[in-house]
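J.: Guided by the hints, dock chain X onto chain A, whose structure is given.
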Amino acid sequence: MARSYITLDGNEAAAYTAYRVNEVIAIYPITPSSPMGELSDEWSAKGVPNIWGSVPRVIEMQSEAGAAGAVHGSLQAGALTTTFTSAQGLLLMIPNMFKIAGELSSTVFHIAARTVATHALSIFCDHSDVMTCRSLGWAMLFANDPQEVMDFALIAQAATLEARVPFLHIFDGFRTSHEVRKIEQLTEDDMRAMIDQNLVLAHRERAMTPDRPIIRGTAQNPDAFFQSRERSNPFYAATPGVVQKVMDKFAGIVGRQYHLFDYVGAPDAEYVIVMMGSGCGTVEETVQALLEKGEKVGLVKVRLFRPFSREHLLKALPTTVRAIAVLDRTKEPGALGEPLYQDVVTALGEAMMEDALPFERVPRVIGGRYGLSSKEFTPAMVKAVYDELAKDKPKNHFTVGIIDDVTYTSLDVDPTFSTEASDVVRAVFWGLGADGTVGANKNSIKIIGEETPNWAQGYFVYDSKKSGAVTVSHLRFGPRPILGTYLIQRANFVACHQFHFLERYNVLDLAEEGATFLLNSPYGPEEVWDHLPRSVQQQIIDKKLKFYVINAYDVAKRVGLGVRINTIMQTCFFAISGVLPREEAIEKIKDAIRKTYGRRGEAVVQQNFAAVDAALDNLFEVKVPAQATSTFDRPPVVPDHAPEFVKRVTAQLMAGRGDLLPVSAFPVDGTYPTGTTAWEKRNIALEVPVWEPDLCIQCGKCVYICPHSVIRAKVYDKELLANAPSTFKAVTAKWRELPEKMYTIQVAVEDCTGCQLCVEVCPAKDKSDSSRKALNMHPQIPLREQERANWDFFLSLPNVPKHDSLRFNNIKNVQLLRPLFEFSGACTGCGETPYVRLLTQLFGDRLYIANATGCSSIYGGNLPTTPYTTDDEGRGPTWNNSLFEDTAEFGLGMRLAINRQNAYARQLLEELRSLIADDELVDGLLNADQSDEAGIYAQRERVAKLKAKLAGNDHPRVRDLIAVADMLVRKSVWILGGDGWAYDIGYGGLDHVIASGENVNILVLDTEVYSNTGGQMSKATPLGAVARFAAGGKPTAKKDLGMMAMHYGNVYIAQVAMGANELQTLKAFLEAEAYPGPSIIIAYSHCIAHGIDMSRGHIHQKLAVDSGYWPLYRYNPLLASQGENPFQLDSNGPTIPLKEYVGKEGRYRILMQANPEAAERLIHEAQEVVEQKWKYYRMLAGKGS
Amino acid sequence: MSIDFSTTYMGLKLRNPLVASSSPLSHKIDTICKLEEAGIGAVVMYSLFEEQITLESQQLDYFLTHGTESYAEALSYFPDIGEYNVGPDEYLSLIRKAKETVNIPVIGSLNGVSAGGWVKYARLIEQAGADALELNVYYLPTDPNMPGTEVEQMTVDVVKAVRSEVSVPLAVKIGPFFSSIPNVARRLVDAGANALVLFNRFYQPDIDIENLEVVPHLVLRDSDELRLPLRWTAILYGRVSADLAITTGVHTYRDVLKGLMAGAKVTMMASELLQNGLGRIRQILQEIESWMVEYEYSSVQQMIGSMSQRKVAEPAAFERANYMKVLDSYPRLI
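Protein sequences appear in the order of chains A and X. If you want our numbering, it's the 1-based position in the first sequence plus 2. If you want our numbering, it's the 1-based position in the second sequence plus 272.
Note that these hints are calculated values from the structure, not bench results.
Pairs of lysine-lysine, DSSO-like flavour, derived with a Cα cap of 30 Å:
(1) A:K48 / X:K369
(2) X:K369 / A:K1141
(3) X:K300 / A:K1141
(4) A:K1021 / A:K1104
(5) A:K1146 / X:K369
(6) A:K1141 / X:K306
Pulled out of the complex, with its shape left as it was, chain A reads as follows (with noise of 0.2 Å):
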């Protein structure tokens, strides 16, 4: 079978091998390593085989630990297995490992390096978690890029069953894993013939069956356990020969020749790096092109990490050597050295007292850190090393990359320097997720990369917003193999998708002279040139730029495209970039869109091809003037007034110059402050809602539902309008509580994402035109200026006492507290964050939040900026994540420390009475009923108080005393996480805390998928609708975690739907705070994974109610002892019937369109089962069977 070239990227090239050679693949999702088991799932699902026509069984577990075991398991009981994993995943896995390598069990574990969590997650990369593994036993084979990720997938399983020593294949996270390259494709006749039958045979004769009884896995004492370990020293011995005798069986079937320590460079080199992973690509460009200007350079790939062979490191280096530069990706705190670096000079050191050195001098060797997190590393950091190895006195231990004015580590860089070729196509293209540029861009590379002799590769910088969310695609075609790893540093062409993106980024930034700008503009080509920022226009004259525009958003409206502009965009891209001639791209376009499009139907291919037609009739060369005209140009990115830090961090982080930052500008152990958003005006939403005060009734839904907490409403006095701005809205309260006073529902229009919920839930309807609402959708761009004065002036009104006159029992009192969760990146009109916005409204003055990892922790805590703010005190939530599968544990930890500080601050108070000499103050402080807003805010007053009466006071206890004080003011704790922690991997601890009766809250915010890293099947998951894993439609039903938690009988439980009914959550969160044990809440959150139009959540929300799938209840321990049944049922029984709900939501349908019998059925029993449960609910709520 012949080979073909193929465009995909380093997760698909591991999993295309390893799928064809394993029988069973046990996974767990975790970025950047989730699309090899969501591929082999889907081939699963699909019915593909392996090479030996058998169709592997891939199973989801609910941790990577858990996957380890499986994977133990199905190895031990002789089947071919792996797994795929990444940083925290392959930490969970380590205890597994050591077993499976002491048991010299033949497998690969495929992993994209990711960093492992420290004083904050990063899901990039560097090789922090594989290092980790470094005592396991295991061989280590790094793969530098996709081609190698293919090759060495195979090389890696043919090796293992030779050696016995179980592999991990290495290679770097979402730069190799992520990249899209073009590559040739190894065929299952290359697989059959580099896996020996014989080996395959000989691991299923090593199996455990009954059939030939063996044990393993023995408890050992002293006398046995030390020899045992020594005894697999021949198979680590024998491990490097096999691995090069493989490569060598390799390049005879394929033609590609690898060693396990690949040089290149000048033969007779005096300066080489020794490295591994993605790096190495761009080391070598650099390499070629200072090999041109004469100088003596080189690179040692390292490809077999461990174990490793000194004997091949050495032989692998020329004997010209002078200086040797180590580079890791990884940095380990109070080590000598890098873990490459140390392997190295071991390897050096002991050939150097050996007197084995075969080189003509000793070699210096320093080592360096580069690429933590997936830091650019570039040729001119490459050439910086190179240059400091030829110094005298070399820097060791240095830092490349970044600038370190703190220990001053770093080496500096010419970033003038550059090895960017001309004959290179190299495109960047700014889009927004939402219209489709790199899905075009992954299409442009595979008509490149597939259908023309160029190699094309692709990488996409996403954004850590989820919504409006910034894209830039990389994209370079050549006539070579493109070996540079690191972004484009100067582009012939750069697209700008976004017409507003020119007034916060600088687009055109890494534009070279002469380059070619393609701009989506509103303005046509005589008037696009008066409406651009007086920076752009300098660039454009400078850079002698060819400037192209379309109104792409016109044209895609016209075919019915909405916003997404990719095909319009792509078409141009391809008419002016000269990359094809013009007819025989246009050809391709329109075959690749069949290819994309036509599984979903003819319409989307008849709607593409229009827009491909209409692009070329609406792209226009635009004439550049000789001057800049323009008198405005990009705005500061955050305000004069913000904090310092803001100012000088934050800012910078926002306007995509973090890398700028030097070391001293971060903090030392990850603390930042809270309330950043607030200063990031993303102005995303084109439309967003306008109030209108005659019609409104005050009910405070709008408020109540906001996923941004954007719209807000404040209750004043009438005096403080004098200075209102002109444009300023405000009406009569009508509150009985608060007589006299005016009330404004004001929109923070820069921070709206314009998701529309507010006006979908907004009831107040203008009685002679029921198309006007008292909450409608207007254009941004003309109110922004007004709206912003009005939102500042908004701020400065009061807000409402917590604890003066009114409850907060009710939706349209609650609407006037103030949210301490604000403009959070969650994606627009998400379904969790309403949830986040109330709890901070009701308890953020003295809320803990223990966050788990995922969409909450990623809303809730990635820089730039974060969304948890303080009230007027400058009280507000204190949040951390610690983990994905821990954070139960975690908060109950922080109860347990709030207890202890609390129970001393009461001894102190005893003890110090006399020294106080205010009983009343003391017996205030210890026997405050602290059950409402009112008692809490007297105990404050009491804790100011008693800290004002100790000021200054030095005894040793007294200062204890002040540091506790706090404490006596009652706290919150909330444990917040979404269900593939409480369900899955989490579960096990959820489970532990809530049996401990301590007083934490947990809030599971229920998207019925893991939503963060792209819709994974949980085990909240329903029955029938598809998801990852869950190809053909879950076929279990969901978990009943609330039920699950009531056997306790000692535990608050609350199943709530927001959408459904705003009241029975906010008694929910009220009664779940009051309790004075563990509670629990599991609420509804739909989300942008169910498929559905997320303006219209709340109604999604009401149908799963309605039909019985989501039932509503509350189980109130306090209840039972008050002689009353706990268990309350809030909800009516099914009133419709599931299909109803279900037909309205994307997981479902597309099982309906792709197997309609196996939906009806699945619908069927999801259908017996809401009856069935609903019977079994009425039962517990008293209401009969």
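T.: The following block gives chain X in isolation, referenced to the frame of chain A:
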């Protein structure tokens, strides 16, 4: 005396004039078989809606693309399942299956939007083996600048376009809202229609007066609705050279007999079967037989058109006089 129940419709031989009209009854092959077993004369399939195919395709594309390629950890949200039934394939395969399984005529039904769509899908339905095709034509003009003649011409053009591409018999199901139904009927027949089906009925929206919302409202039909098609069948019979079918208000054997007498070759029912089950077919056929025995009819053919306007003693009764008669009877009722 044996009674001949057979009729012909667009040249198709039917064992009786009771036809299942286009409805959810034909969504499944099992139900189509049951219709046959129950004695139905022919089945008109549920309508293939071009607009629905387009919307489903666009909706699927939206679901599969919305939120994708935006955020590094979740580049998409659904697995790639493979093929989706968003086109007409499921519909066409049902026709194929029906033709393989039942012996009664199977009539396809199509509602198009674009000129190209009508022709394309009509051809596909013909290729799938349908014995005939019913074009379910309706257009709700909301533009005050659009004259009625334009609406009429659009309908005629659709029929012409489809006629030129397919050779199976063609029925056209029209609405009652034309100023001159006979004129439109003649033009449709001239354009190639072999039968006219009276009438299409729109879902009429309702208003929720508390929430100020327009809500969809579907009421299953009853015999009162027979009056309108009955009159126009009676008027059109003999005036246009096409078969006539009544598809609104047929619930009882008496309705069937009335329809036939007015001039329909077949009468179609769905609401009655949806409400009261397929057992009604056998019952109605038996009741027709009893009635025909009692009134000494030997064949259905005998009565077709016997009460059409051309054949009644007082043709004007279908026109103005009818109106007068109702008025006359009004005082007596109160």
